[in-house]
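Engineer: With the sequences and hints as input, model every part of the structure.
Listed here are the chains, written in short residue letters.
Number of protein chains: 10
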Amino acid sequence: MIKNRLEVTEKIIATKVSKGLTWEKVAKEVGLSKEWVTAACLGQMTLNDEQANKVGGLFNLNENEIKWLKVVPYKGSLPTAVPSDPLIYRLYEVISVYGLTIKELIHEEFGDGIMSAIDFSMDIQRENNPAGDRVNILLSGKFLPYKTF
Amino acid sequence: MIKNRLEVTEKIIATKVSKGLTWEKVAKEVGLSKEWVTAACLGQMTLNDEQANKVGGLFNLNENEIKWLKVVPYKGSLPTAVPSDPLIYRLYEVISVYGLTIKELIHEEFGDGIMSAIDFSMDIQRENNPAGDRVNILLSGKFLPYKTF
Amino acid sequence: MIKNRLEVTEKIIATKVSKGLTWEKVAKEVGLSKEWVTAACLGQMTLNDEQANKVGGLFNLNENEIKWLKVVPYKGSLPTAVPSDPLIYRLYEVISVYGLTIKELIHEEFGDGIMSAIDFSMDIQRENNPAGDRVNILLSGKFLPYKTF
Amino acid sequence: MIKNRLEVTEKIIATKVSKGLTWEKVAKEVGLSKEWVTAACLGQMTLNDEQANKVGGLFNLNENEIKWLKVVPYKGSLPTAVPSDPLIYRLYEVISVYGLTIKELIHEEFGDGIMSAIDFSMDIQRENNPAGDRVNILLSGKFLPYKTF
Amino acid sequence: MIKNRLEVTEKIIATKVSKGLTWEKVAKEVGLSKEWVTAACLGQMTLNDEQANKVGGLFNLNENEIKWLKVVPYKGSLPTAVPSDPLIYRLYEVISVYGLTIKELIHEEFGDGIMSAIDFSMDIQRENNPAGDRVNILLSGKFLPYKTF
Amino acid sequence: MIKNRLEVTEKIIATKVSKGLTWEKVAKEVGLSKEWVTAACLGQMTLNDEQANKVGGLFNLNENEIKWLKVVPYKGSLPTAVPSDPLIYRLYEVISVYGLTIKELIHEEFGDGIMSAIDFSMDIQRENNPAGDRVNILLSGKFLPYKTF
Amino acid sequence: MIKNRLEVTEKIIATKVSKGLTWEKVAKEVGLSKEWVTAACLGQMTLNDEQANKVGGLFNLNENEIKWLKVVPYKGSLPTAVPSDPLIYRLYEVISVYGLTIKELIHEEFGDGIMSAIDFSMDIQRENNPAGDRVNILLSGKFLPYKTF
Amino acid sequence: MIKNRLEVTEKIIATKVSKGLTWEKVAKEVGLSKEWVTAACLGQMTLNDEQANKVGGLFNLNENEIKWLKVVPYKGSLPTAVPSDPLIYRLYEVISVYGLTIKELIHEEFGDGIMSAIDFSMDIQRENNPAGDRVNILLSGKFLPYKTF
Amino acid sequence: MIKNRLEVTEKIIATKVSKGLTWEKVAKEVGLSKEWVTAACLGQMTLNDEQANKVGGLFNLNENEIKWLKVVPYKGSLPTAVPSDPLIYRLYEVISVYGLTIKELIHEEFGDGIMSAIDFSMDIQRENNPAGDRVNILLSGKFLPYKTF
Amino acid sequence: MIKNRLEVTEKIIATKVSKGLTWEKVAKEVGLSKEWVTAACLGQMTLNDEQANKVGGLFNLNENEIKWLKVVPYKGSLPTAVPSDPLIYRLYEVISVYGLTIKELIHEEFGDGIMSAIDFSMDIQRENNPAGDRVNILLSGKFLPYKTF
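First to last, the sequence lines map onto chains A, B, C, D, E, F, G, H, I and J. At position 30 of the first sequence (counting the first as 1) the number is 49 in my numbering, and the numbers step up by one without a gap. At position 94 of the second sequence (counting the first as 1) the number is 113 in my numbering, and the numbers step up by one without a gap. At position 6 of the third sequence (counting the first as 1) the number is 25 in my numbering, and the numbers step up by one without a gap. At position 1 of the fourth sequence (counting the first as 1) the number is 20 in my numbering, and the numbers step up by one without a gap. At position 102 of the fifth sequence (counting the first as 1) the number is 121 in my numbering, and the numbers step up by one without a gap. At position 124 of the sixth sequence (counting the first as 1) the number is 143 in my numbering, and the numbers step up by one without a gap. At position 130 of the seventh sequence (counting the first as 1) the number is 149 in my numbering, and the numbers step up by one without a gap. At position 105 of the eighth sequence (counting the first as 1) the number is 124 in my numbering, and the numbers step up by one without a gap. At position 6 of the ninth sequence (counting the first as 1) the number is 25 in my numbering, and the numbers step up by one without a gap. At position 83 of the tenth sequence (counting the first as 1) the number is 102 in my numbering, and the numbers step up by one without a gap.
One thing to keep in mind: the hints can contain errors.
[Said to hold, decoys possible] Distance condition first, Cα-Cα at most 20 Å in a straight line; then the derived SDA-like pairs of lysine to any residue: (1) 86(I) to 32(G); (2) 22(B) to 75(B); (3) 166(J) to 152(I); (4) 166(H) to 126(H); (5) 166(H) to 140(I).
[To be verified] Rough simulated footprint, nothing fancy, chain J against chain I, three-plus residues with beta-carbon under 8 Å: (6) 102-116; (7) 137-147; (8) 150-158.
Calculated directly from the structure, the hints in this document are not laboratory data. No residue lacks a Cβ here, since even glycine has one placed at the ideal position from N, Cα and C.
Structural biologist: This is the structure:
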């Protein structure tokens, strides 16, 4: 018996390697953005029945494994507080170097509050550029103001 | 005698409060994006002579303090590895929840490599939205491929 | 010159001791809940002009110190990740022991998402009880659902 | 042979997924609050004979597994000191931002002491709200005063 | 102006050195156990008016410093999670080596619950012993049972 | 083949659950205090031939497992530096809050040195008390003075 | 089914021991530097089809295992932030002792920016020396300047 | 009175900024490599009388400050175990990603032992390159073999 | 197939327990000091062919396991940075309490440099003493001076 | 007024630099080993009246500072759990690499127990050696056996 979501995630990743699937193709099947679908397959988001069945079909999951895709997971995908992987570290470095800057500018524009990480979407695009193609990541989150009470 | 860049940064921030300056106005004076200028004033970037003089003028810095703005700083603006401030934590959470997703999708598009945090720019915009205005942060970095050697 | 909000917070706390003020009285003056006003005086929330002036008057703050009360602070009030103070540790223990329980029950009722800590309020009450009076803390936060994108 | 309570907890969670049980139904069977029963099933509380048998029946536990439910567990349900899961992190953030505030206000009302996390109960309710439903968590703990000795 | 309790604690310790006071004498003046009085002077407990005045007199505290003795302190007296001082480390080692043993035996006797660290007293005695005198530390805390709710 | 003492400890604990043994009964069989015997069974102390055989008989250990009981273990029974279990945390809190106090009072009585955690014994007793029964833990260790050399 | 790249890495290392291969020979087969090929075999770099097949042949990998060599790995090869192995620690010590020196001298020569760890190569050579042979490690990385934006 | 080497280092750095000195010029005056001299000025190495006097002259140090330059310092120049500064982090990343590779290749060439970080030198050079100039760092350390004893 | 040196180490330790071997006897067979041989058997040192065969014979290792004894291990034998085992902690405490003292005295005698931990030997002896036998540990390492470059 | 022992230690170290004292000379004046006297001057041991007066005379301490030398200090002289200074790190590495070995051999000789770090002495000697002089550190501690109770 599958004991937790992690085992399903590992099976999805292993099946992706052996079958040679791409996240783009998976997203197209599910009918949502590649960003959200990948996060869901990596065990960070919860799928509804239809989504879970499609993902299950693509990754050869059995009925019980598909059920796990519909359970809200314990989120957080990094093995260490400061990530060791260079690609992910660069994102961490952006927060380290520019974090206070982002904070200052959002507060200057909106006042006290935060950019939501829940009412949130993300879009990753390649920008063709003669000086070397660029990765563009658009983070979009609803501004949530603190309120007096 | 000023002992380090941090003291200059603290003076800039304190002067900003007492004079009521905005980063937008500072950026306009310097003639660069508000994101870069704010990061520089917060002690994360190095200014050239002209930029340093303008910043010095706005924040009442003396000659010696202005010199420090031209020295490459020890970067990293956060007091703890996992940031406690809610606004900055949300950015950290985005990496925690979506970090592997971003990694997967960049590799699927570009192969092995990273998004540079040096050949990098950032743009923060308000998006008017009837369901609540949104913060849009565009991170743009050159893709740097690993090469065999 | 005041260098940061922390110095203002320390002055507020020291003045409270020397003048013998209570948070309840401060809250009454400001006209908001004791929970929010205390958090603001402790450097976690941002005050508007009127609130800042009232707080400034009560704690003998000068004009420049009052300005700092209107600047969004770097939040987070604990010196260590696991708090050493017994009263605050008990709250941490509640999360440690019951955190997964709270997660399970909120998801069972609402689906995937979180209880907001921004669109949030808190109410602390004494409950008279013959077996020993109780502290009742009501945490109330808007449910924010994850959305597909 | 079952080696520890954790294995029983994992079996309970896996069975819940495969059988599609809800904590509400489990709580109703056991005849106690959903908060306490869920905590117990998640390996944080100790059940008596009757409770253990009911839980065992619902989750298909064998006799030896049921015995483990009656053993006092090593408590603490979080894998890291600062929780990575967004829902649980928000609770941690509340302590980080409002912890000193709660401390100040309880001491102002009760003097030196703590809110017990043992003589304690918790109640989680949905509040219907046109601006978005809210999660209300009531924490109730006996005040325990420090005594001179 | 005194900024926090720590400064008062430091003055107490420094005065104790320069005046050559003993904790035993201080305790006798205050009229409580040496354990509780020492903890209070070290900034871990809260004194009432009479106790604060006596302590203030012994340590040459001014009126404002005496007020701080009556404020509930942020408790926890160790600079690191694992204490480096050999005497204090031995206590930590006792918990490390015998902690689970103590847990097992208290639960075997009392069921699920804890020994209170609030409704608590401590008594330190010298035991004369021909094989070398011993330190006897008696920790006494009320048993607090977990209750279903 | 058994690989380490931990596996034997786990078998002892699991057998205790399935057979319903108590530490008190085990201690009586071995003929030593319940505190020492429990610590030994939990993998913190080393047993001699006779003790190991008795423990082995009670917990159905085979000859090889019994040999492990006679090997000096790697001691330390806690999974984290700051223990998450509430009962054990209270002991840690006692050190955090009263550690410097204990240090001051032992030094005042004995001079520079420590209370041994090796030439040490521990006694846990229930104290009947109308206000609620108490747990009394007596820690007794030989005082070891630092010597000049 | 292979669950992750780590399992393939472990098989490569175990096969290297049992077959007595050298990294030099493996590198010669693959036709690239010993530094890059070793890093790839240790699960830090991504191989193309031809490289993966050659490595697969040398280490008796099956078709599925070979596929994993072509998947971008989660990088970072050290089990702790500060490495315990003496050889690797010496490299860490070089950064600890000389890190600021390297930073100062690169900035003095190039201005603000970094030495890339992606557009990077490494060459390890033995230097024969009568006073004892030396290890020479040449790190070569493209300088990447920060740019205003 | 100067209390420690750190204060001298801070004075050196501040004087360098205000006088506009370069490490290259300082090294030329002292007559040693820029790498070693910079490390010494940054408080990591010990100077002899002649070197200390030259450095003292360049940085306006008084007699007592010059004495500190001749005292062996407590080494280690980084404020955190994992460095936050991007330039220094890249060096850390090289160890993280290639550390085991370096270990494997040195052992394959030399057997068990280490590259010394004491009998060590470092040379930093700019390599002109049409694809972008490169930073070349040559680390050279004597190989020290483990010996049986 | 054996996956790593750790598995061989665990087999050696388990076999030592089941066969009742002593390190002294193992050392005599190998013909080197008990300190070096024990370290090697515990997976910290590398054996040559003859040593590995002797160790393999004593501990019933097969041909493949013997090969692992000849592979340079990833060194470092402690599960936590601050060791929990009381015997090993005392060594750590010696460094904590006397570390700066040792540093001062070696520098006073030798100048700047270190005591090698590679060109190193260790000798552990019992000293009979009427006041209680003593453990004498002699650490002997070549002094390695820092050199200018 | 001196606030703590640390300030006295800093004054001793600064005076040693400015007056050019050696620990050897200080030890001769005090009439004890250089190891113990240095540790005491560095704030790790407690001096008696006569020793404190001699140390006070050598380092120009006033009466109040001399009093601090007679107060038992909070021990532990390292700023981080894993020391960054190379000389001290080598000692830590010895524990990391050989710690389990030392444990095994002491237990094989003495049974379960520890080498005391309190009933302890240390002797540091230069050994002239044609292959390079060596540092010999003899650690000598009374063996303390665990006893059943």
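Engineer: Hint by hint, where does the structure go against what was stated? Just the numbers, ascending.
Structural biologist: Checked against the structure, no hint fails, so every one of them is satisfied.
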